[in-house]
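In the order they appear, the protein sequences are chains A and B. Position 70, counted from 1, in the first sequence is what the numbering used here calls 639; the numbers after and before it change by one each time, with no gaps. Position 109, counted from 1, in the second sequence is what the numbering used here calls 678; the numbers after and before it change by one each time, with no gaps.
These are calculated hints, taken from the structure and not from any lab test. In this text, all values refer to a predicted model and were calculated from it rather than measured experimentally. Any given hint could turn out to be false.
In this list, chains with the same sequence are indistinguishable; a pair is considered to hold if it fits within one copy or across any two.
[As the list claims (entries may be wrong)] Pairs of lysine to any residue residues, derived as SDA-like cross-links and limited to a Cα-Cα distance of at most 20 Å, are as follows:
1) K663 / G614
2) K577 / F715
3) K648 / R697
4) K689 / G723
5) K636 / P720
6) K621 / E583
7) K621 / Y711
8) K621 / D641
9) K689 / E704
10) K636 / T619
11) K663 / G604
12) K621 / G652
13) K621 / A602
14) K648 / Y632
15) K689 / S623
16) K648 / V705
17) K648 / E633
18) K621 / L654
There are 2 protein chains.
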Amino acid sequence: MALEIERKFLVNGEFRDEAVDATRIVQGYLCSAPGRTVRIRTRGGRAYLTVKGSAGPEGFSRYEWEKEIPVDEAEELLKLCEGALIEKTRFIVKQGDHLFEVDEFSGENAGLIIAEVELKSEDEQFERPAWLGEEVTGDHRYYNSFLSGNPYSGWRC
Amino acid sequence: MALEIERKFLVNGEFRDEAVDATRIVQGYLCSAPGRTVRIRTRGGRAYLTVKGSAGPEGFSRYEWEKEIPVDEAEELLKLCEGALIEKTRFIVKQGDHLFEVDEFSGENAGLIIAEVELKSEDEQFERPAWLGEEVTGDHRYYNSFLSGNPYSGWRC
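Please work from the sequences and hints to get the whole structure.
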């Protein structure tokens, strides 16, 4: 059983010049029930089906299972997904010993930028980049599965 | 896109002596939203993840996508499934040019026996076995995904 330990933050500032990689991601959810999500993702010419379990009480750890699948099959499966598809560019930024994944959303979630850092344990220390804003780990509104049903463009209405 | 065309019937009578194969199946649903189900199944030492789309208006055709996955991973994924797991024995019965899959449920769905025949088109003719009962094609109560949340043992209360 693979556990994912990560902390999630909003981004306030310019991070793009520090990025070592940028990839376009399109993803959707076959389901996003409490306790389990099934995600279809295309990313840089490859595609994946991912199952995630529920987060722990503080939102850090989630069971995650992933399989690569053919891109044309992923495109068929994306048509079955609920809600809106999520479109974003993922930038990779190195800071000290850690890699930050910074997702800049487009489409209906334009304006939202979220950074995630993966950790080996829930209390592991890491160097904070200057552009790292408020922590939103465990806040369900920033789950991509929530955004597919409740896009960021509607939050400010 | 693979389409599954099948008709489904209740079973009234003895079919086991005619079976050419019998396999134990355990399955669960990561989700069973209208329009899409994601199923995890173990069957005779192998395991599969299957996505099914919604049925056509008469319940005959459903989009279906399936990948074989390792059995140990399927067992982890079954723990994430909603509702009760479905346990059944699948018998294969040849009748004329067709194969009938006859599912005899156990556990919370004991007493229920359903036969399915796969067809090349929605109007293809087939020879009816003597034990074939009422047609229930398209009746959502006989979907395994419905049974996992509403087991047959509770129907008669």
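Cross-check of the supplied hints:
1. Taking the closest pair of Cα atoms, K663 and G614 never come within 20 Å of each other, the shortest separation being 23 Å inside a single copy and 44 Å across copies.
2. Taking the shortest alpha-carbon separations for K577 and F715, only the intra-copy value of 15 Å comes in at or below 20 Å, while the best inter-copy value is 36 Å.
3. Within a single copy, K648 and R697 get their C-alpha atoms no closer than 39 Å, and across copies no closer than 37 Å, so neither meets the 20 Å cut-off.
4. For the identical chains of this complex, K689 and G723 are neighbours neither inside a copy (35 Å) nor across copies (46 Å), given an alpha-carbon limit of 20 Å.
5. For the homomeric pair K636 and P720, neither the shortest alpha-carbon distance inside one copy (27 Å) nor that between copies (31 Å) is at most 20 Å.
6. For the homomeric pair K621 and E583, neither the shortest alpha-carbon distance inside one copy (31 Å) nor that between copies (43 Å) is at most 20 Å.
7. Taking identical chains as interchangeable, the C-alpha atoms of K621 and Y711 lie at most 20 Å apart only when both belong to the same chain, with a minimum of 15 Å there against 28 Å between chains.
8. In this homomeric assembly, K621 and D641 come within 20 Å of each other (Cα to Cα) only across copies, at 16 Å, whereas the closest approach inside a single copy is 23 Å.
9. In this assembly of identical chains, the alpha carbons of K689 and E704 lie at most 20 Å apart only when taken from the same copy (18 Å versus 55 Å across copies).
10. Within a single copy, K636 and T619 get their C-alpha atoms as close as 6 Å, and across copies as close as 13 Å, so both meet the 20 Å cut-off.
11. Proximity of K663 to G604 under the C-alpha cut-off of 20 Å is found in neither arrangement, the shortest distances being 32 Å within a copy and 41 Å between copies.
12. Within a single copy, K621 and G652 get their C-alpha atoms as close as 18 Å, and across copies as close as 17 Å, so both meet the 20 Å cut-off.
13. Taking identical chains as interchangeable, the C-alpha atoms of K621 and A602 lie at most 20 Å apart whether they share a chain (10 Å) or sit on different chains (17 Å).
14. For the homomeric pair K648 and Y632, the shortest alpha-carbon distance between copies (11 Å) is at most 20 Å, but the shortest distance inside one copy (25 Å) is not.
15. Taking the shortest alpha-carbon separations for K689 and S623, only the intra-copy value of 19 Å comes in at or below 20 Å, while the best inter-copy value is 41 Å.
16. Proximity of K648 and V705 under a CA criterion of 20 Å is satisfied in neither setting, with 30 Å inside one chain copy and 28 Å between copies.
17. With identical chains, the CA atoms of K648 and E633 are at most 20 Å apart between copies only, with a shortest distance of 13 Å across copies and 23 Å within one.
18. Taking identical chains as interchangeable, the C-alpha atoms of K621 and L654 lie at most 20 Å apart whether they share a chain (18 Å) or sit on different chains (19 Å).
Of the hints listed earlier, those the structure fails to meet are numbers 1, 3, 4, 5, 6, 11 and 16, in rising order.
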